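If you want the building blocks of each chain, they are given just below.
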Amino acid sequence: MIVNRKPLTFWEKLYLPAIVGGFKVTARHLFRSLFKGKTITMEYPEQKWAVPPDYRGAPYLVRDQDGNTKCVSCQLCEFVCPPRAIKIIPLGPTGRLADRPNAEKIPKKFKINMLRCIFCGFCQEVCPEEAIFLLKDYSLTGQSRKEMIYNKEKLLALGGTVGGVQKWKQKLAEAGKQEDFPVKV
Amino acid sequence: MDWNFIIFSAVKIAVVIAVVQGMVAYAVLAERKISAWIQDRVGPNRTAPPFVKDIPIVGPALIRLGVFQPLADGLKFILKEDFTPAGVRKMYFWLAPAIAVIPSILVIAVIPFGSQLGHQQMVIADLNIGILYTFGIVSLGVYGIILAGYAANSKYPLLGGIRSSAQMISYEISMGMSVIPVLLIASSLNLSQIIAYQGGTLLGFLPNWLVFKAPLSFFIFLVASFAETNRMPFDFPEAEQELVGGYHTEYSSMKFALFFLGEYSNMIAAAAMMVTLFFGGWTLPFWGLDHPAATLGQGVAHILIFVMKMLLFMVLFIWVRWIFPRFRYDQLMDLGWRRFVPLALANILVTAIILWMKS
Numbered sequence: 004m005i006v007n008r009k010p011l012t013f014w015e016k017l018y019l020p021a022i023v024g025g026f027k028v029t030a031r032h033l034f035r036s037l038f039k040g041k042t043i044t045m046e047y048p049e050q051k052w053a054v055p056p057d058y059r060g061a062p063y064l065v066r067d068q069d070g071n072t073k074c075v076s077c078q079l080c081e082f083v084c085p086p087r088a089i090k091i092i093p094l095g096p097t098g099r100l101a102d103r104p105n106a107e108k109i110p111k112k113f114k115i116n117m118l119r120c121i122f123c124g125f126c127q128e129v130c131p132e133e134a135i136f137l138l139k140d141y142s143l144t145g146q147s148r149k150e151m152i153y154n155k156e157k158l159l160a161l162g163g164t165v166g167g168v169q170k171w172k173q174k175l176a177e178a179g180k181q182e183d184f185p186v187k188v
Numbered sequence: 002m003d004w005n006f007i008i009f010s011a012v013k014i015a016v017v018i019a020v021v022q023g024m025v026a027y028a029v030l031a032e033r034k035i036s037a038w039i040q041d042r043v044g045p046n047r048t049a050p051p052f053v054k055d056i057p058i059v060g061p062a063l064i065r066l067g068v069f070q071p072l073a074d075g076l077k078f079i080l081k082e083d084f085t086p087a088g089v090r091k092m093y094f095w096l097a098p099a100i101a102v103i104p105s106i107l108v109i110a111v112i113p114f115g116s117q118l119g120h121q122q123m124v125i126a127d128l129n130i131g132i133l134y135t136f137g138i139v140s141l142g143v144y145g146i147i148l149a150g151y152a153a154n155s156k157y158p159l160l161g162g163i164r165s166s167a168q169m170i171s172y173e174i175s176m177g178m179s180v181i182p183v184l185l186i187a188s189s190l191n192l193s194q195i196i197a198y199q200g201g202t203l204l205g206f207l208p209n210w211l212v213f214k215a216p217l218s219f220f221i222f223l224v225a226s227f228a229e230t231n232r233m234p235f236d237f238p239e240a241e242q243e244l245v246g247g248y249h250t251e252y253s254s255m256k257f258a259l260f261f262l263g264e265y266s267n268m269i270a271a272a273a274m275m276v277t278l279f280f281g282g283w284t285l286p287f288w289g290l291d292h293p294a295a296t297l298g299q300g301v302a303h304i305l306i307f308v309m310k311m312l313l314f315m316v317l318f319i320w321v322r323w324i325f326p327r328f329r330y331d332q333l334m335d336l337g338w339r340r341f342v343p344l345a346l347a348n349i350l351v352t353a354i355i356l357w358m359k360s
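Chains as they are written, first to last, in my numbering: chain S, 4 to 188; chain D, 2 to 360.
Just so you know, these hints were derived from the structure itself, not from any lab.
Bear in mind the structure is a predicted one, so any value in this text is a computation, not a measurement.
It is possible that part of the hints are untrue.
Capping the alpha-carbon separation at 27 Å, the derived lysine-lysine pairs in DSS-like fashion look like this [said to hold, decoys possible]: (1) S:Lys41 <-> D:Lys54; (2) S:Lys27 <-> D:Lys310; (3) D:Lys54 <-> S:Lys39; (4) S:Lys51 <-> D:Lys54.
Please model the complete structure; the sequences and the hints are all you need to start from.
Here is the structure:
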């Protein structure tokens, strides 16, 4: 493509209009940022950006609306995790039972290595109990590698409560009905 | 031996050097702040020495303006490793930063930064050939840069050095010739006498500054001093985008800081020269401020006037950097040799003819 460039007039060749234009533009920006404080810099630790609703932040364990641990230690997330950041140790045959009714298992230990986690969200997607969510935390810091491996208590504390369908309650109701099977008249 | 002269000169030298170093430090800060504002940024606003934060209102405001940033920068330069690459030519590598700094400080010796304080003239060396001395010293500045480029023994610094030597030599010619009409009009080479000539008013309302009598000279001098100080439209020796930093690519720590110091001292010297030659130095045309001071207060006022005028030029230097793109090398040479040299020659001729016809 050929761009036709029209020859500069004498006035334009003096550079003067361009110089004056340059001074005007820079002066405008200078006064705007100096006196009106309109800068595009976000001063980070004091100002923070609005995290979008579907943001994939750090994965945390959550409790249901009754304050019970949702995780049943099925280990699907541990299996699916691409960088193998999740490590789960289930109760085992002799362990203590779950802290909620109608649940057989609960993780004895649940660790996520936040240095390995790639925030892909596979764990959230694969979880059958809706027990792990990628929440909005994006700046995870620590002073050692050990500190960056979050244990179950920390994950639960950070995760908070995310309510939802409580499958086990329905099952409990159904089971209760079966107890009464010979219908009392 | 006149002990009085020696002691007062030593005091003046110490004070002037200290003030110039301080001005360099804060010119760097001003450069960073102004560039930030022009680009809609905030600029350095975090450096806070202990306890400053606790001063109500003033403390946080100072921190936000980055007033303490130069201290942190200086400390950083001192603490950084002074690395000498294996392939450099050691002697020249050590010599170059010093040669870059010394001329820019020497120039300031002849500049009258005030009229009188008591019985002392506010100039370190009141030379009768002040301008010749200035041009002689300024032209030494190129050696620091070309030596740095040569000593580094690597291609980018060498290119920067070569470019800068060509540029500075070319623009020195038009710069020198642009001053000749000023000398013709003021009929003196002594900077104090040039300032004395600029007292009073012109046509009743304009100050009798040489910028109004020789505007073309001022314009050529201004542009040439941008080239001489390697500032933005002509910053070929550095040219970060093309030359990875140019002549000081291989330098680090305090040696690098010395180049910085030299560059900004050059800017200060150029601003001072422009104020002296074209803007009446320490004079103002009203309140009787255009005569040498009789009282101490007037002497201080003269120094402040000079510094204020100089600071305006420093701001201009910094501001212009964010307006222009860099010239191409051939455009630079074209502008220097084919535009400014003939223009300066014509300027001399016209001024000389007008003065001859008047006399």
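These are the hints, each one checked on the structure:
1. For the hint pairing Lys41 (chain S) with Lys54 (chain D), the CA-to-CA distance comes to about 24 Å; that is within 27 Å, so the pair holds.
2. With a C-alpha separation of about 22 Å, the suggested pair Lys27 (chain S) and Lys310 (chain D) falls inside the 27 Å cut-off, and the hint holds.
3. Of the supplied pair hints, the one linking Lys54 (chain D) and Lys39 (chain S) holds, its CA atoms being roughly 24 Å apart against a limit of 27 Å.
4. Taking the CA atoms of Lys51 (chain S) and Lys54 (chain D), the gap is near 22 Å; set against the 27 Å cutoff, the hint holds.
The structure shown violates none of the earlier numbered hints.
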